[in-house]
Amino acid sequence: MSREELEKRFQEKIDAEIKIEPKDWMPERYRRNLIRQISQHAHSEVVGMLPEGNWITRAPTLRRKVALLAKVQDEAGHGLYLYSAAETLGISREEMIEQLLSGKAKYSSIFNYPTLTWADIGAIGWLVDGAAIMNQVMLTRTSYGPYARAMVRICKEESFHQRQGYEIMLTLARGTEVQRQMAQDALNRWWWPALMMFGPSDKDSVHTAESMKWKIKRKTNDELRQQFVDVTVPQAEYLGLTIPDPDLKWNEARGHYDFGEIDWEEFWRVVKGNGPCNHLRMKARREAHEKGAWVREAALAYAEKRRQRQQQKAS
Amino acid sequence: MNKDWPLWEVFIRAKNGLSHKHAGSLHAADAQMAIENARDVYCRRNEGVSIWVVESKYITASDPEDADALFEPAQDKIYRHPTFYNLPDEVKHI
Ligand SMILES: [Fe+2]
Ligand SMILES: [Fe+2]
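Chains A and B, in that order, give the protein sequences. Just so we're aligned, residue 1 is where the first sequence starts under my numbering, counting upward by one. Just so we're aligned, residue 1001 is where the second sequence starts under my numbering, counting upward by one.
Chain A with its partners taken away, still in its complex shape (with noise of 0.2 Å):
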């Protein structure tokens, strides 16, 4: 069959809704597209495990604390899930850790914000989980089978990290002074960044089309960061807090909350490398591969004196 013939017969099967799986024939740019995005998706759930995990052993009761332990286990099972599905695609595990730690690869530029207090911790749950999960509704329903099944597990784990995080703002919203203060701080610095997660706007953004005439993606960045905006808004409102944005009114006629302009600058400072903590970020990943290198080389060794010793006792 030509290759025209090929890309035609896959559009087709796209079109009516039929789940591409690892062996079948694909255009190379669908495949190269999603390498390149799920395994930003994978390095984003490992690289978003650090400024959580920076709280974990400062969380102020037990209760709070299994919660952030249970959070961070599952954003490494995501990360898990994410690589494997990726790797259906031909492309090994190290060469993905290896262009994450290289600096090759990008992750979501929301985990290279710092988090300075506990009500960081509620923030993130809240809002960075729910622009994560407003995307990954979406990706259950994208066109590669692998990684649509990852993204229906991750979802049914998401729920409870959002709660969890929502839980700590009502908590400290609700509590003295100042941990109201200490919660709307938490909400002044990551508003925007939670809304810069949905990617360049529409019109800058080079993959959009193409991964919508296959299905990769089902909403654009603009639809889903206004999908966020939208259910969001209520909810920070019940909370008592102020979203940090003059320009945000509801919009009666649009039926959608209108919202300030991004300072695109920031996001493509922070995207480039420069934003406050990539530095941190990938110092900390780069030595957890390399002190964990031992584990990985003794688990091996491992593994193989006891497929000795039951090779000796089989004789």
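None of these hints come from the bench; they were simulated from the model. Be a bit skeptical, because a hint or two may be false.
Claimed, not checked - Partial list, derived from the structure: chain B residues whose beta carbon lies under 8 Å from chain A:
no.: 1; residue: S1025
no.: 2; residue: H1027
no.: 3; residue: V1041
no.: 4; residue: C1043
no.: 5; residue: V1091
Just so you know, even glycine gets a beta-carbon here, dropped at the ideal spot from N, CA and C.
Chain B with the ligands: place on chain A using the hints.
Relative to chain A, chain B with the ligands alone:
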């Protein structure tokens, strides 16, 4: 010695009475570690009562290119389905 842990496929039985179902994959040094890791990543919320792991390289998959030849012959054999046979409504329990 190859320093990378091999890839394993994980199958989980949700509860007795059901078959093991593919849950995902992971890397592990050996089978025992694969089971332990599978417990940690795929069974954190009562998802299973039993785990199977098999090294991915031992799975042979059919080629999607052969799908027509493999599965097409089943399509025109409708006489393999109960609805193919005409029986009057009065006849019960059949
Ligand atoms: Fe996650
Ligand atoms: Fe999460």
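Taking each numbered hint in turn, which are not upheld by the structure, reported in ascending numerical order? 4 and 5
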